[in-house]
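Colleague: Now for the letters of each chain:
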Amino acid sequence: MTIGIVVFPGSNCDRDVRWALEGCLGEPTRFLWHEERDLTGLDAVVIPGGFSYGDYLRCGAIARFAPVLQEVSAFAERGGPVLGICNGFQVLTELGLLPGALTRNRSLHFLCETTRLRVEPGACQWLQHYTSGEQISLPIAHGEGRYQVDPDDLQQLADRGQIVLRYVANPNGSVGDVAGLSNQRGNVLGLMPHPERACDSATGGIDGRRLLELACG
Amino acid sequence: MPLFHARVQVTLRPSVLDPAGEATRAAAARLGVHGVQRLRIGKSVDVALEAPDLAAAQAQLELLSDRLLANPVIEDWSLELAEAA
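First to last, the sequence lines map onto chains G and E. Residue 61 is where the first sequence starts when you use my numbering, and the numbers rise one by one after that. Residue 3 is where the second sequence starts when you use my numbering, and the numbers rise one by one after that.
Treat the hints with caution; some may be incorrect.
Said to hold, decoys possible - If you want the footprint, here are the derived chain G segments under chain E, 3+ residues with CB under 8 Å:
id	region
1	149-163
2	196-210
3	241-250
Unchecked claim - Computed beta-carbon distance windows for the label pairs:
id	chain 1	residue 1	chain 2	residue 2	range
4	E	G37	G	S261	54 to 60 Å
5	E	D55	G	A229	26 to 32 Å
6	E	P54	G	A229	53 to 59 Å
7	G	G114	E	D48	16 to 22 Å
8	G	S261	E	Q39	48 to 54 Å
9	G	D260	E	A84	25 to 31 Å
Hints in this document: simulated from the structure, not taken from any laboratory. Keep in mind that this is a model prediction, so the values were computed, not measured. For glycine and all other residues, C-beta sits at the position ideal for the given N, C-alpha and C.
Sequences are here, hints too, so could you generate the full structure?
Modeller: Printed below as a string of structure tokens:
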């Protein structure tokens, strides 16, 4: 198994994801620079957090045109597992692989804290090691994490079981308390919290391990 | 090729919360400007574009506005376009 980790100019959680996958879980990884077009040999792709392209224009707005993401979209179309963390979630919505948009936190504050989440795995491959209704703790660190989508679309997402992670105490004003979203097929997950920062008890929690373990098949 | 000047206005859709606008509206009161009923913050993008003719410029700017400058999930956009003097 080899996991690809996309790196844009301004990504800053790429090495944390490598550390979590290789260091904590023993899985080989390969960095994918934003101009990379070769995804051969990869079993999953992670789009990490950070400030790709400085968050210029909108978070993820410029990253979505990176050459590597054309290949990642095709990979996702073929059923390949794709995980977008924080800025990665923003990129996935700008790319259209997930619906909706991430906007400025309601409080205008950059939130840097541990938050409780409720998991509804549904068909999402990435959450199969969690049980329905389980509550976990993961760190968040974002200024633009408020999920926004039209009410009719939100209802449809809920009906289809695509809202797979909800905030227990909504910190940023996301509609529907959405913290993480899956595509219908279940191979693409976007979430604002950072599972890679919860894989080693030395960093305060290990609730993220079971999510990243799924990258390893 | 002729040069065209465009100004694209990007605004938040009415249904989208604008906390930055709300914070700015509160600050207006502190400045002594009361009675601000609504304050919403958008973006203005100035573009100078080379294109064979006005129709081509219009088409390219619509593409640019719809796919890059604005996110249609949360934003509306409008375009003013003229050939450079």
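Colleague: Run every hint past the structure and note whether it holds.
Modeller: Each hint tested on the structure:
1. 149-163: holds (count 6)
2. 196-210: It holds, with 4 qualifying residues against the three required.
3. 241-250: violated (count 0)
4. G37/E x S261/G: 54 to 60 Å: holds (56 Å)
5. D55/E x A229/G: 26 to 32 Å: violated (56 Å)
6. P54/E x A229/G: 53 to 59 Å: holds (56 Å)
7. G114/G x D48/E: 16 to 22 Å: At roughly 20 Å between Cβ atoms, D48/E and G114/G fall inside 16 to 22 Å, so the hint holds.
8. S261/G x Q39/E: 48 to 54 Å: holds (53 Å)
9. D260/G x A84/E: 25 to 31 Å: Violated - the Cβ-Cβ distance for D260/G and A84/E, about 59 Å, lies outside 25 to 31 Å.
Checked against the numbered hints above, the structure breaks hints 3, 5, 9 and satisfies the rest.
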